[in-house]
Amino acid sequence: MVVTKKSLLVQQLRRTQLIDFLSKGKRLDGRKLLERRPLSIELSPIEKASGSARVKLGNTEVIAGVKVELGTPFPDTPDKGILIVNTEVLPLSTPFAEPGPPSEESIEVARVVDRGIRESEMVDMSKLGLVKGKKVQAIFADVTVLNHDGNLLDAVSYAVTSALASAKIRRYKVTGEEITATEEFVPLEVQTLPASVTIARIEDVLIVDPDMEEEAMMDARITFTTDDRGNICAGQKGSAKPLSFDQIKLAASIAREQGDAIRDLIRGVIA
Amino acid sequence: MVVTKKSLLVQQLRRTQLIDFLSKGKRLDGRKLLERRPLSIELSPIEKASGSARVKLGNTEVIAGVKVELGTPFPDTPDKGILIVNTEVLPLSTPFAEPGPPSEESIEVARVVDRGIRESEMVDMSKLGLVKGKKVQAIFADVTVLNHDGNLLDAVSYAVTSALASAKIRRYKVTGEEITATEEFVPLEVQTLPASVTIARIEDVLIVDPDMEEEAMMDARITFTTDDRGNICAGQKGSAKPLSFDQIKLAASIAREQGDAIRDLIRGVIA
Amino acid sequence: MVVTKKSLLVQQLRRTQLIDFLSKGKRLDGRKLLERRPLSIELSPIEKASGSARVKLGNTEVIAGVKVELGTPFPDTPDKGILIVNTEVLPLSTPFAEPGPPSEESIEVARVVDRGIRESEMVDMSKLGLVKGKKVQAIFADVTVLNHDGNLLDAVSYAVTSALASAKIRRYKVTGEEITATEEFVPLEVQTLPASVTIARIEDVLIVDPDMEEEAMMDARITFTTDDRGNICAGQKGSAKPLSFDQIKLAASIAREQGDAIRDLIRGVIA
Amino acid sequence: MHEMATLIDDKGLRIDGRKVDELRPLKIEAGLIKNADGSAYIEMGKNKIMAAVYGPKEVHPKHLTLSERALLRCRYHMSAFSTDTRKNPAPSRREHEISKVLRDALLPAVLVEDYPRTAIDVYVEILQSDGGSRCAGLTAASVALADAGIGMRDLVVGCAAGKLNDQVVLDLNDTEDKEGSADLPIGLMPTLKEVTLLQLDGMLNTEEFQRAFDLAVEGCLKVYQVQRAALIKKYFGAEEVRQEVKQ
Amino acid sequence: MHEMATLIDDKGLRIDGRKVDELRPLKIEAGLIKNADGSAYIEMGKNKIMAAVYGPKEVHPKHLTLSERALLRCRYHMSAFSTDTRKNPAPSRREHEISKVLRDALLPAVLVEDYPRTAIDVYVEILQSDGGSRCAGLTAASVALADAGIGMRDLVVGCAAGKLNDQVVLDLNDTEDKEGSADLPIGLMPTLKEVTLLQLDGMLNTEEFQRAFDLAVEGCLKVYQVQRAALIKKYFGAEEVRQEVKQ
Amino acid sequence: MHEMATLIDDKGLRIDGRKVDELRPLKIEAGLIKNADGSAYIEMGKNKIMAAVYGPKEVHPKHLTLSERALLRCRYHMSAFSTDTRKNPAPSRREHEISKVLRDALLPAVLVEDYPRTAIDVYVEILQSDGGSRCAGLTAASVALADAGIGMRDLVVGCAAGKLNDQVVLDLNDTEDKEGSADLPIGLMPTLKEVTLLQLDGMLNTEEFQRAFDLAVEGCLKVYQVQRAALIKKYFGAEEVRQEVKQ
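Chains as they are written, first to last, in this note's numbering: chain A, 1 to 271; chain B, 1 to 271; chain C, 1 to 271; chain D, 1 to 247; chain E, 1 to 247; chain F, 1 to 247.
Next up, chain A with everything else stripped away, as it sits in the complex (with noise of 0.2 Å):
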């Protein structure tokens, strides 16, 4: 949870600015309502992985990686591969983390965003299978947090479909059971560009990509992830006070609007 060092009485004031920027159509920052901030990403920035992204939104900023190795498929998918996304929000990234094992909140969003990858169907999983029951190719998505400044759940989600989008992975030849590495890499295919979009509730307005300081002061959030057909994969309510149900409504298709923009930008970066 996102603890700010201000007085109580600073953060009232900040509030009552904040609402009546609002109610104008304004925020602090001089966005729009519904405008997120710049998303800027780098393909490629870490060499030594099959595929990573870095990700500027605004001025939180994260690195994607994503690793292959062999592994062992999960009783109930025998033939398919591995996937799993993790993120760690260090304390380098936030005067508000501590060193130890992973926060709530960086837990909930490696699930979400997770979730919105696998749920969309963007890999295969059926591809990476090698010898049934044995041996798949487990890819891993880390996301190292090098800077919090907000809607951290959006700028991961963007960077781990950035990174595999992207990513080059070996290709082995299976005989039997025997399986050999080969020197050969070939893209990860990729079925859709899954997408998130977070919109804060602040009294009754509706925002999107809310900053550090709007989190804060936000009432309630909520996520929704499109794919590239606008099916919505995934779905995460959070903070403390509720949503109506137009306000969902209206969510869900602002997600779905915007996840287009999202993955126009993306597909232009890793074409």
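Hints listed in this document are in silico derivations from the structure and should not be mistaken for laboratory results.
Don't take every hint at face value.
[Said to hold, decoys possible] Calculated Cβ distances over 12 Å to all of chain E for the following chain B residues:
#1 R14
#2 D20
#3 K26
#4 R31
#5 P38
#6 E69
#7 L83
#8 P95
#9 P99
#10 K132
#11 A138
#12 E177
#13 F185
#14 M217
[Said to hold, decoys possible] Once the Cα atoms are required to be at most 20 Å apart in a straight line, the calculated DMTMM-like pairs of lysine to aspartate or glutamate come out as:
#15 C:K249 with C:E203
#16 F:K34 with A:D29
#17 C:K48 with E:D177
#18 E:K193 with B:D204
Quantities reported herein were computed from a predicted structural model and do not represent experimental measurements.
Ideal Cβ placement from N, Cα and C applies to all residues, glycine included.
Fit chains B, C, D, E and F to the given chain A structure using the hints.
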């Protein structure tokens, strides 16, 4: 360790009252000195477990569930199965527990109950071997504590004994080193019914089955587990004060006698 | 980190006294500047270990025990054995240790001693391979600290070197991929005897083998481990202040010289 | 996810015989954990869940104390025997996430500002798990909070809708959750008509999302009837329940 | 447990040549850990155990402070090289249980009420383990407490009896413990004749339990002589020990 | 360690084409982490490392507060994707040791006595690792401290020398570190000419040690030029850097 929230003065007054009661052969809740609280056992509350039992001993309430998995035998007993008893005193069950690794009390309870099951040879572990040195059946008896009102050890003992005695386990066909799971489920054979009886000493008086309040005031505690033939198969002294030779011998004979009554009750339930 | 309980004033007075002593070429316990505390080594105190040594360096006392197990080689050295040095600074040994995971000091000591053993090639790891890529002998050198009176690093170094140099390990017969344990035990061959020497700087004075009180007052610390031929095979600077170029070179030559004396002593014991 | 052809038969019935908009058998009972300040037990399909509340009470460790409101903590935990294959008792990442989601789902309903400088601990123990255990756990937790006498704006009810063979259905069981193609659990404050929990796991187009959401809300309102009855039964006895249900 | 035929031979001797009621060789020495406030080293058979006491001292963390008595803590720990195959240095469940049992076994003897608001930490380190390490550790811990000058009602001595081939025997070694059919370790305050530790692991009928218990008490009393001698030697020198032993 | 014949070719060039006394390509940039009080990014060969400083600030937990100076803490951590095969994100013993060594290497330079009762936290994150990551991390950490405006006696620079095929060489890359026979990383306060870090891993005779040490010091002084330029660029803009480098 159990700590009550009451003030020191109130505790001392209560202790004076308790000792006065005990000197008249009575207890604060109306029981006689050697009287257990009402014991009720509900079999198979957890359909997904191979065997399960919900035990109420007065207001102490626990659920034991038995799961059977394939495992690797210990190197010194290559042809024997594995049995592991595990207890979790959940923070749900008492104002005094904390989330985190198993408490000292959880570990002691699980280990003493485990010894009773193991040393009584309740389950013939050699029948759980499948492929010598490679594959055996591993029985996990896990216990969740729902309400901790004292004498957890006996409640857990009765729950684990009942869950094991009513368990049905999958049959395996073994041909050479190949193991095939069948869809046939057979009762787990049990050779005896171990039952633990816990006796507390308060001043010079021995009482059976102390409740939480009595545990907070007891001087010493001793538990004996007996089998069908009246053998003692596990023992454990606890708490901060000593016992005399005579008290130990008396406790052992009480445990043997009450063990029979408990076995009769369990037998009635599983019949 | 070591913290003394004394008041600040007392500490300052003691430091003034120490510096006065050092300026006269003496130390508080009567030693000369480059004089080590008496070193005694008892071989094989632990019969159950393949090799063991109990080392007293003044009042610092440790026991090293060597165990040999079968293990899997590291992927990058498929035909070599494994050697792991581990040190536990027990709360038994000092008023300042706490139960829990290994302290920073434990880890540093174990890793520096490990480097000295490994880089000196004391043990020819290629002789510990059994089946390439599958099975090797794994040597664990575990150290229990009994009394911590400063300069743990050297005491642990001498104990591990002595325990390894006097170890007897089981012979295995290897036919193809089949490994058979024999009942024959042969001395572990060692190619050299690494010995570490720790030098502390207090103001401008270098002293050898600081005790606990000197460690609490030292400005900087440097350790060099040397082998039979006077090569330096491990080095580690520690503590909160710097060293000059000359101090480092002087320390290296002291370490080489005293290393020979220590090797002679160890050789005498294991002969 | 692939779908088995048989999740809904040609009569429109599901593998457990339910219609697409039918809840599983549901039972709620308040006040079973004697030590707790409030508690509730729920069975929803094969889910068997115990919830308990301790508090308002002193905050430990103290530095977590909030000066203006109660600290609401929530722990969702699965017993080792609750799943088909034994679950390691150490909390998984999934349990950590659901703990957070449940806390966020209860917070809007609890009058935390009435209990400054205190802690309210909510424990949800899954004794046997089936599909929808977070929803059933949420429903039970909110009854346990009410049973503890803690001031609330509204109860919170949980229920999920999902998608099987391209049909939107209510309240997925375990097999349906695994074989189906979407699960949308929601948490609702039934009187205020506000949503406090929403997760989505699976693929829904715009229209399906709309229908699933509406169906989940309907499900919540049905569960709410049983939830109220449990509290009335606890506090006013069985007679009133019957009257209540008739009305 | 199955039993090997050879645990007791036809002359009534055990695998290490002892009679059924004979202790293993025993050696106790006080005061070896310089940093500790009190310490003791014991060898009993192949057991080699160091015990150390720190305290009375300030309690950390502070919230554990007891206002009316000392907080007595105990940690039983095995060195990685102490067992036949290497032991993982992280404390096992067994070590946790024995730590608790030893604390409970020492508490009746220590005058904790004389040291309110302090902590007394007792560490028992198994350098080499044989059967009966908890008993030997208890004996050593009580010497270490006395060596630390901490007020005690009595010393505490540990010794076990057990069953081999249907015979009750004293002080089982490692092989006997594993192959035998019962082990009954007890802790005794030898002057007060009160029992502070009792565990049983194995199968004994009424009469065997009685005999094993009596035999373990006898064993404790023998160990007590060596325990006293160690303290006398430390505090009065070797001469007195000889006198003492003669008497 | 065995050595490959090809680590230095017959022209005296190394596997990446460098001469024996040549540094890898080096780039340092200050102030990239917006949230931090100071930060620096370094690329040295394939090393890509981010360092950030938070502080001086209140100490948590409070009992660690030092009354006469700042508490300097350091955490060296490797991202899971930073190594050839994925690294488990939990800190290894190696990471713990390097964290300690880096703290000890920075302490002599930081005016900790100017910030009593505060904490200064230094984080070094290895995004991609190559040989010499601790040296590059040290260089970056010291820039981050300066960028945070924390008072320092001097900067600290890290650079290693080592031995390949019996030749002493500067600044080993990953392959050279693994295949070579010694690595001597040092940390230097370049103006004060004092050593704050020294480790040695490998085998060097007296003369080799001397040469390697001198070479590492030379390397440090070269790195120092780039380090200074990064700070000047941050605080005085690009023009000054060019002037500075020309002089």
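Okay, the hints, checked on the actual structure:
no. : hint               : verdict
1   : R14                : holds, 16 Å
2   : D20                : holds, 23 Å
3   : K26                : holds, 27 Å
4   : R31                : holds, 25 Å
5   : P38                : holds, 28 Å
6   : E69                : holds, 19 Å
7   : L83                : holds, 14 Å
8   : P95                : holds, 16 Å
9   : P99                : holds, 17 Å
10  : K132               : holds, 16 Å
11  : A138               : holds, 17 Å
12  : E177               : holds, 25 Å
13  : F185               : holds, 29 Å
14  : M217               : holds, 15 Å
15  : C:K249 with C:E203 : holds, 17 Å
16  : F:K34 with A:D29   : holds, 16 Å
17  : C:K48 with E:D177  : holds, 17 Å
18  : E:K193 with B:D204 : holds, 15 Å
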